[in-house]
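**Q** One-letter residues, chain by chain:
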Amino acid sequence: MKHVKCVNFLNLDCEKGMCALSKAIVPIDGEGSDACQSYQPAPECGNCRHFYDGDKYGMGMCKGYEKENWAYATCGAFSCEKYESRRYQEA
Amino acid sequence: MNDAQSKIYDILKARGIDAENADGIKEEDIPEASERFSKLMEIYYSMKVTADMEIPYWYNRLWWENDGDILEVRRARAVGGAYAHSTPTVLPYEKLVMSKTKNFRGAFPFPWVCASFFNSLAESLMNEVDAPAESEADAVSVVGAGGGNVTESYGDIISIAKKFGMRKEEIPVLVKVSKYWEGISVEDISDKYAQMLPDYDQFKRNMDAVVVMFDSFAIPQGREVINYYMPLQYGFDRIIQLCDEKINETMGEAGEDGILGMSRGYYYAAMKEITAGLSKWCDNYGKRAEDLATREPDEEVRANYLEIAQVMHNVAHKRPSTFREALQMTLCCHLGVVNEDPQSGQSIGRLGQVLQPFYEKDMEDGITTDEEVIELLELYRIKITCIECFASAGVSGGVLSGNTFNNLSLGGQNYDGLSAVTPLEYLIVEAAMRAKTPQPTLSVLYDEKTPEDFLMKAAACTKLGMGFPAWMNNQTGMNFMLRQYGAEGMDLYDARAWCLGGCLESAPGCFMPLDYNGKVTMIPGGASPTCGTGIHFTGLPKILELVLTNGLDKRTGKQVFPPHNEKIDTYEQMVDLWKKYLDISNRIVNRINNMQMDIWRKYNMPAVNSLLKPDCFAKGQHIGNCGSRYNACINFESCGTITFINSLASIKKNVFDDRAFTLEEMTEALVNNFGFKTAYETNVFSPDFRESTESASKYDRIFAACIHAPKYGNADSYVDSLLKDYHMFMLHYLPTLRSYYGKPEYLCQISVSTHGPQGFVTLATPDGRLAGTTYSDGSVSAAAGTDKNGIYAIFESATVYDHSQNQNAQMNLKLHPSAVKGLSGTRKLLDVIRAYMRKGGFHVQFNVVGSDTLKEAQKEPDKYRDLMVRVAGFTQYWCEIGKPIQDEVIYRTEYDQA
Numbered sequence: 001m002k003h004v005k006c007v008n009f010l011n012l013d014c015e016k017g018m019c020a021l022s023k024a025i026v027p028i029d030g031e032g033s034d035a036c037q038s039y040q041p042a043p044e045c046g047n048c049r050h051f052y053d054g055d056k057y058g059m060g061m062c063k064g065y066e067k068e069n070w071a072y073a074t075c076g077a078f079s080c081e082k083y084e085s086r087r088y089q090e091a
Numbered sequence: 001m002n003d004a005q006s007k008i009y010d011i012l013k014a015r016g017i018d019a020e021n022a023d024g025i026k027e028e029d030i031p032e033a034s035e036r037f038s039k040l041m042e043i044y045y046s047m048k049v050t051a052d053m054e055i056p057y058w059y060n061r062l063w064w065e066n067d068g069d070i071l072e073v074r075r076a077r078a079v080g081g082a083y084a085h086s087t088p089t090v091l092p093y094e095k096l097v098m099s100k101t102k103n104f105r106g107a108f109p110f111p112w113v114c115a116s117f118f119n120s121l122a123e124s125l126m127n128e129v130d131a132p133a134e135s136e137a138d139a140v141s142v143v144g145a146g147g148g149n150v151t152e153s154y155g156d157i158i159s160i161a162k163k164f165g166m167r168k169e170e171i172p173v174l175v176k177v178s179k180y181w182e183g184i185s186v187e188d189i190s191d192k193y194a195q196m197l198p199d200y201d202q203f204k205r206n207m208d209a210v211v212v213m214f215d216s217f218a219i220p221q222g223r224e225v226i227n228y229y230m231p232l233q234y235g236f237d238r239i240i241q242l243c244d245e246k247i248n249e250t251m252g253e254a255g256e257d258g259i260l261g262m263s264r265g266y267y268y269a270a271m272k273e274i275t276a277g278l279s280k281w282c283d284n285y286g287k288r289a290e291d292l293a294t295r296e297p298d299e300e301v302r303a304n305y306l307e308i309a310q311v312m313h314n315v316a317h318k319r320p321s322t323f324r325e326a327l328q329m330t331l332c333c334h335l336g337v338v339n340e341d342p343q344s345g346q347s348i349g350r351l352g353q354v355l356q357p358f359y360e361k362d363m364e365d366g367i368t369t370d371e372e373v374i375e376l377l378e379l380y381r382i383k384i385t386c387i388e389c390f391a392s393a394g395v396s397g398g399v400l401s402g403n404t405f406n407n408l409s410l411g412g413q414n415y416d417g418l419s420a421v422t423p424l425e426y427l428i429v430e431a432a433m434r435a436k437t438p439q440p441t442l443s444v445l446y447d448e449k450t451p452e453d454f455l456m457k458a459a460a461c462t463k464l465g466m467g468f469p470a471w472m473n474n475q476t477g478m479n480f481m482l483r484q485y486g487a488e489g490m491d492l493y494d495a496r497a498w499c500l501g502g503c504l505e506s507a508p509g510c511f512m513p514l515d516y517n518g519k520v521t522m523i524p525g526g527a528s529p530t531c532g533t534g535i536h537f538t539g540l541p542k543i544l545e546l547v548l549t550n551g552l553d554k555r556t557g558k559q560v561f562p563p564h565n566e567k568i569d570t571y572e573q574m575v576d577l578w579k580k581y582l583d584i585s586n587r588i589v590n591r592i593n594n595m596q597m598d599i600w601r602k603y604n605m606p607a608v609n610s611l612l613k614p615d616c617f618a619k620g621q622h623i624g625n626c627g628s629r630y631n632a633c634i635n636f637e638s639c640g641t642i643t644f645i646n647s648l649a650s651i652k653k654n655v656f657d658d659r660a661f662t663l664e665e666m667t668e669a670l671v672n673n674f675g676f677k678t679a680y681e682t683n684v685f686s687p688d689f690r691e692s693t694e695s696a697s698k699y700d701r702i703f704a705a706c707i708h709a710p711k712y713g714n715a716d717s718y719v720d721s722l723l724k725d726y727h728m729f730m731l732h733y734l735p736t737l738r739s740y741y742g743k744p745e746y747l748c749q750i751s752v753s754t755h756g757p758q759g760f761v762t763l764a765t766p767d768g769r770l771a772g773t774t775y776s777d778g779s780v781s782a783a784a785g786t787d788k789n790g791i792y793a794i795f796e797s798a799t800v801y802d803h804s805q806n807q808n809a810q811m812n813l814k815l816h817p818s819a820v821k822g823l824s825g826t827r828k829l830l831d832v833i834r835a836y837m838r839k840g841g842f843h844v845q846f847n848v849v850g851s852d853t854l855k856e857a858q859k860e861p862d863k864y865r866d867l868m869v870r871v872a873g874f875t876q877y878w879c880e881i882g883k884p885i886q887d888e889v890i891y892r893t894e895y896d897q898a
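Chains P and Z, in that order, give the protein sequences.
The opening position of the first sequence corresponds to residue 1 in my numbering, with each subsequent residue numbered one higher.
The opening position of the second sequence corresponds to residue 1 in my numbering, with each subsequent residue numbered one higher.
This is chain P alone, in the form it adopts within the complex (with noise of 0.2 Å):
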């Protein structure tokens, strides 16, 4: 698991962030930039049970909403209404 898929990341710029608990600066690639044993899944549209369909891309659909459309796994869903975890679901 890496740092920028954990909800303690907190998005700088496209190559790094910093975690929210050591307030270290973490790579998104790279050396250091597997997360720690703290990690937790960040809400994000591939972790949602409405997300299916990916492709190689990381392109597939959301069922979230009334209308059914086209979604990408690593948008963020903090402030998606609709956002269902797919592991709390399963759980």
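It should be emphasised that the hints constitute simulated quantities derived from the structure, not laboratory data.
Because the structure is a prediction, the values reported are computed rather than measured.
It is possible that part of the hints are untrue.
What the hints assert, rightly or not - According to the in silico footprint, chain Z covers these stretches of chain P (three or more CB under 8 Å from chain Z):
#1 13 to 21
#2 24 to 30
#3 53 to 62
Said to hold, decoys possible - Chain Z is nowhere near these chain P residues, computed Cβ spacing over 10 Å in every case:
#4 M1
#5 Q37
#6 R49
Cβ atoms here follow ideal geometry from the backbone N, Cα and C, with glycine treated the same way.
Since chain P is already given, all that's left is putting chain Z on it; use the hints.
**A** Chain Z alone, transformed into the frame defined by chain P:
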């Protein structure tokens, strides 16, 4: 200390300035910025300018899901819904929150405005996505050059427009969203109809030759002043209630207006949508802060998150009840506007006057201190500095130099005609002195009523080398307002509300009654749409070149204008031909820009800005439907004025008066760059750098005559009179051009950074400037190195015409720091400014930095990451501006005496 100095010190002491301690004031005497600011700036310096697709994705989705709805409602739903879905990022050191995107220094593309750029790149972008990944070492060690600019792709980052980094996984989203808009973006639709014009080819030839720099749709909003009155007075929940009341009143009623009357109901429905979107956006930041508080181990940081949450939830629903909430509300609205279009120059306006009632109440209630307010203002500076504009490489680099010109004005007059300076404005200047960032740039509206101690404080800030505050003449600005907007009912009261939109675009305003703290305060704000988007940056010297070459661009071999086929026998004949070519260019460019902006306002009308800008809400009309109080705001923008004037002087003197050589001989010398290598060959853009070719001696005589011809800026009436003639012509000619609002146009004289690229495409000029080097900067700055008689001689030259004829005039000066050292130096600087203002000069700004420092910074940019310079009407980090402009700034005449 002599008697005169002693007397000055006594006077200043009586006004609250301790001269004894201030004399010899050094930069290090200024208090450090707050710890929060320093921590966030540390992050800022390591930031890459980043584009992502969250907001474009949601905009696109909501737009198409509402296909068939009333356009203004559909647009507001898409904009508001996109904001409401974006990921809120809250950092532990912040007090003010909200950003354009989830990233610290983020932006995003607008394919619904311009899709062709992305669609043309679709295949190559996808190829980059599918390419095998680089080694990990490469991926983490290769970085983009030039501060935060991502000029090349690396690792999983794709460079777009030579500035923005986008992650590979978002590229398929960019490509997919852009496809929706193929053939129907603002750019595409306007181009389809433009092609119906018989002179369309002339338009293309103009643009290809860079006679004119760029299209209006590229940045359709900005160069205007925002207005924060509505949310400060009512708050979002009450605005939604007001929309419901207005819908009840106007839906289905045309009133007296058979054309637009019925639109009012739809307007209010749209405003309800956009207000709900802004409210949700704020609430989401509050929720994220609460979320972070639940997992935050540090008590102090947790308390900060909870404070942020409370502020954001209050701002989401209620009218602000503290200074902090009011500042946060203005930031929310500002970001809301700058996110709804590719945009530069959405100016903050007179914030220190708008927020003074909130500051005053907090101080009365004892709930804040000046230091706390300064800290908030420091943090605000970072937020504004992070505002990026996603546009093409030409617009981002060639025009804007990466800046977005969010100008904050100070001073001027209040509603009652007295000095408008407030106690909060002192703190704004103080925050700028402590917290050094390029934005917001500051502008002082100099008025004889402005308190002396405020002017001294502002001058002390100017001395710090950040290039601001710039100084504008308040009376000249007011006179221009009455001249340009009088026909729309502008009176003296509204004229007093003007200030700078963009870097230097004088923009009309009005005062609105803020009911707060048990009293009504008339607060100023903008009252017009963009004061730009007319004809963008016409290279005046390039047109003269084309007169001499019979309309043929010798650089490209293409015929730009129809051949005039005239043998030019007199100076007057030559100027007439210049006017003819200018008119050919203007007529077609103006019509096509009008069409671009008309398509924009029909399909892409401002949503947030149409909520904020008076009198849209009162009229029930958005900005595209002339909802604003003033609409005669569209302009013609010039570039290279003094290069042009000096060139005219050289031809007049050498060819027609002295008959030293013929016009044909001069033209041949220009085509051959006076026998020197061009800047394209040497990659040096300084006018003082010359490398000879074998044919140099052939043009020695002509070159010497051109160099020694009379030059503007020396109080020489021979050349200054030509500047006056030019202005009198433009004053009467430009209003014959009409904007898409059906109003007369006027002259705007900001070069921004266009004197770089427009100089690049221009051959050598008759003033002795070599091919490819920059034009003169500004509009009344002397050409670099040609002003020999001191600052006051330039002032004499610059004021040979009435500056209130035009939207602006731009004077850039460079002072060596030693020229303004200590308090006496501050006084000298203010004396210089005052002298120019009293002569009627509109604007002056200063780079207080030595050329040696700049040369060192050019060699070793990494050592000067925080060095800032004034380019045109804006300040930018040295390392983030292009080499031609760097060369030009280095070569500007440096005065070692004020």
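**Q** Give a verdict on every hint.
**A** Against the structure, the hints:
Counting residues of the region 13 to 21 of chain P whose CB lies closer than 8 Å to any CB of chain Z gives 7, so the stated coverage by that chain holds, three being the minimum. Closer than 8 Å: that is the beta-carbon criterion, and the region 24 to 30 of chain P has 5 residues meeting it against chain Z, so the requirement of 3 holds. Proximity of the region 53 to 62 of chain P to chain Z, defined as three or more residues with a beta carbon under 8 Å from a beta carbon of that chain, is established by the 3 residues found. At roughly 16 Å, the least C-beta separation between M1/P and chain Z is larger than 10 Å, which holds for a residue marked as non-interface.
Every CB of chain Z is more than 10 Å from the CB of Q37/P (nearest about 14 Å), matching its label as outside the interface. Distance check on R49/P: its Cβ is at least 18 Å (rounded) from any Cβ of chain Z, clearing the 10 Å threshold; non-interface status holds.
Consistency note: the structure conflicts with none of the earlier hints.
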